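There are 2 protein chains.
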Amino acid sequence: MKNEDISIKMNSLKKLLKGDKRIIAQTISAVENDTNTKILETIFPYTGKAYHIGITGPPGAGKSTLVNVIAKKLLEKNNKIGIIAVDPTSPFSGGALLGDRVRMTDLALQKNVFIRSMASRGSLGGLASKTKDAALVLDASGMDYVLIETIGVGQVELDIAQVCDTTVVILVPESGDSIQAMKAGLLEIADIIVVNKGDREGCDRLIMELKFAFELRDKQAGWHFPILKTIATENKGIEELVSAIDSHRAYLHKSGKLEDERKGKLMLRIHELIEEKIRAHLKEKIIKEDELKIMIDKVYKRKLNPYRIASNIAKGIIKSQTRRK
Amino acid sequence: MKNEDISIKMNSLKKLLKGDKRIIAQTISAVENDTNTKILETIFPYTGKAYHIGITGPPGAGKSTLVNVIAKKLLEKNNKIGIIAVDPTSPFSGGALLGDRVRMTDLALQKNVFIRSMASRGSLGGLASKTKDAALVLDASGMDYVLIETIGVGQVELDIAQVCDTTVVILVPESGDSIQAMKAGLLEIADIIVVNKGDREGCDRLIMELKFAFELRDKQAGWHFPILKTIATENKGIEELVSAIDSHRAYLHKSGKLEDERKGKLMLRIHELIEEKIRAHLKEKIIKEDELKIMIDKVYKRKLNPYRIASNIAKGIIKSQTRRK
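So the sequence lines, in the order shown, correspond to chains A and B.
Positions 75 to 399 (my numbering) are the ones given, in order, by the first sequence.
Positions 75 to 399 (my numbering) are the ones given, in order, by the second sequence.
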C-alpha cells in the first residue's frame with residue numbers, strides 16, 4: 075500500500091514519458107512534498123535529453139517577459155518546453171501585476187508548454203534541490219527545453235544555475251546594477267549576458283562596461299560571451315538571443331564541455347543529496363534529544379561551547395565511514 | 075608551533091576582550107580563513123553580552139545610511155558598537171558611490187566603533203556561518219551592540235537574521251516592494267519595519283498596507299510590530315527607531331523570550347556546525363575518490379541514479395551513530 079502511494083505506477087510513468095500535463099503536475103507535486111526518492115529513481119533513466127536554460131537577473135529586469143518570448147521562439151521550431159519559475163516576483167508564480175499574468179496564461183494554454191512555479195516555502199527539502207528534481211521530471215516528460223527563471227540575488231539561485239547548460243543573465247541599464255550583479259557573483263555564472271530595456275538611458279554605457287569586463291574572460295574561457303541588447307516587451311533582439319543560446323549549445327557539444335559539465339553537476343548533486351540525507355537524519359535523531367537541551371542550557375550559560383559539541387557529534391557520526399574503509 | 079599559530083595567545087585574548095581594534099580585525103580574519111575553531115572555542119565563554127541588531131531590506135532601501143545614523147545615536151549614549159556589512163552593495167563593504175564611502179569612514183574613525191565587511195567569496199565555510207563567527211568575536215570584544223547589515227533577498231540573509239535579537243526590515247515606497255518583501259519571507263523575520271525615504275510618493279499607502287498585514291500578527295505575537303517612517307539622509311525618524319529597538323529589547327527581556335530565542339539559536343547553530351563538519355569531511359574523503367568518478371560515468375549514462383548512490387553513501391556514514399546508542 076505504502077509502496078503504491080510513493081512509487082510511480084507503470085501506467086502513470088508511460089503517460090509522464092509522453093508528456094501528459096496532468097501527470098507531470100502530479101509527479102512534481104509528489105516529488106516536492108515527499109522526501110522519498112523512489113519516483114526520482116524510477117524516472118532518472120529517462121532523463122538527460124532536455125537542454126536546460128537558466129534565466130536570471132535582479133528583480134525588475136524583465137526576466138519573465140524574456141522567458142515568455144524565448145519560449146515562443148522555441149515553440150515556433152516545434153520544441154516542447156517546460157518552464158520553472160523560482161522567482162517569487164515572476165508573473166509565472168503569480169507575483170506580478172494582473173496584466174502580466176494574463177499574458178502568461180496565453181503561453182500556459184499551449185499544447186507543448188508546461189509551466190510550474192516553485193514555492194519558496196512549505197516544501198520539504200531546500201528550494202534549489204526541489205527545483206532540480208522538478209527539472210528532472212520535466213526532462214523525463216520529453217521536454218526539449220527546460221527554462222528556469224530565478225531571481226538572481228541569493229545562494230539558492232546560484233545553486234539552481236548549476237543545473238543549467240546555458241545561463242542567461244539579464245541586466246537593465248540602471249545605475250549600480252552592473253556593479254551589484256558582479257558582486258553578487260551573477261556574472262560569474264553567465265554564459266550569455268542580456269541588457270534588457272535597451273531603449274533606456276545608460277544602455278550603451280552598460281554594454282561597454284560589460285564588454286570590457288568580459289574581454290579577459292573570453293580569452294580564458296574559449297567562449298566568446300555575447301553581450302546582447304533586447305527590448306523584450308517589443309520582441310526586439312530575441313532572435314539574436316535565441317541564436318546565441320544555440321551557439322552556446324553547439325560550443326558545449328563541440329568542445330566536449332557539455333558532457334564534462336553535466337558530469338560535474340551530477341557529482342555536485344550527489345554530494346547535495348548526501349548532505350540532505352544526513353541533515354534529515356540529524357533533525358530526526360538529535361534535535362529531539364533531551365540530552366542536547368541540557369547541553370544548550372550549559373552553552374547558554376557559557377559553560378560549554380557549541381563548536382566543541384558540534385565537533386564531538388560530527389566525529390561520532392563520521393566514525394564508521396573511516397572504519398568502513 | 076602549529077598550536078601557537080591557531081590558538082589565540084593569552085596576550086592577544088586580553089587585548090581582544092578590551093576591544094583593541096587591531097586584534098579584533100586580526101581575530102576575525104583568522105576565524106574567516108581557518109576552519110579550525112580553536113579561537114572561537116577560546117572566546118566563546120566571554121560572549122553573550124552584546125545585543126545583536128539585524129538591518130535588512132532590498133537593494134537601494136538605504137540600509138547603510140540607516141545603520142550609520144543608528145550607530146551614531148547609540149554612540150551618543152556611550153555604547154561600543156560593532157558593525158558587520160554583509161550587503162555587497164553597502165558603502166561599508168566598499169560597494170557604493172564615493173560620497174557614501176567618505177561619509178562612512180567618518181564613523182569608522184570613531185574610537186568606539188569597529189566596522190567589518192564580510193566577503194561573499196574566498197572565505198572558507200559559508201558566508202552566513204562566517205558572519206556569525208565574526209559577530210561572536212565582536213561580542214567577545216566588549217561591544218554593547220553588534221549591527222549586521224544584510225541585503226534582504228536570499229537564504230544567506232535569512233540565516234544571518236537568525237543570529238539577531240532584533241531584526242529591522244527596511245522598505246522603500248516603491249511599487250511592488252512590499253509584495254516582494256512579503257514573498258521573500260522578509261517580513262516574517264521582522265521585529266520592526268521601517269519605511270525609509272518617507273518623503274517619497276506612496277509612502278503612506280505602503281505604511282497602511284503594512285499595518286493591515288501586521289494587525290493579525292500583533293495579536294498572535296504579543297509584540298506590537300512598529301511600522302515607522304524615516305528619512306535617513308535627513309536624520310528624520312531615527313530617534314523613534316532607536317527607541318523602538320529599545321522597546322523590543324525590553325519586551326524580549328520581560329517576556330523571557332530573549333533567553334528562549336537565544337537558546338533556540340544556539341541549538342540551530344550547533345546543527346549548522348555539525349553539518350559543516352560533515353560536509354568538510356565529505357569533500358575531503360569522498361569527492362576525490364576514483365570510485366565515485368567511475369560511478370558518475372555510469373550515472374551520466376543513466377545506468378545508475380544519483381539518489382540511490384547518495385542514499386547508500388549516507389547510510390554508510392550514519393551507521394555508527396545508530397550503533398553508538
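Just so you know, the hints here were simulated from the structure itself, not pulled from any lab data.
Computed from a predicted structure; not experimentally measured.
Any given hint might turn out to be false.
All copies of an identical chain are treated as equivalent in the list; a pair is satisfied when it fits inside any one copy or across any two copies.
What the hints assert, rightly or not - As a list, the in silico DMTMM-like pairs of lysine to aspartate or glutamate whose alpha-carbon atoms are at most 25 Å apart:
id, residue 1, residue 2
1, K285, D94
2, K389, E333
3, K310, E346
4, K367, E350
5, K328, E308
6, K310, D180
7, K310, E333
Each hint, compared with the structure:
1. K285 x D94: neither (44 Å within a copy, 45 Å between copies)
2. K389 x E333: neither (36 Å within a copy, 29 Å between copies)
3. K310 x E346: neither (39 Å within a copy, 47 Å between copies)
4. K367 x E350: Answer is both; intra-copy 23 Å and inter-copy 21 Å each pass.
5. K328 x E308: neither (34 Å within a copy, 59 Å between copies)
6. K310 x D180: within (20 Å within a copy, 47 Å between copies)
7. K310 x E333: neither (33 Å within a copy, 58 Å between copies)
Violated hints for the displayed structure, listed by number in ascending order: 1, 2, 3, 5, 7.
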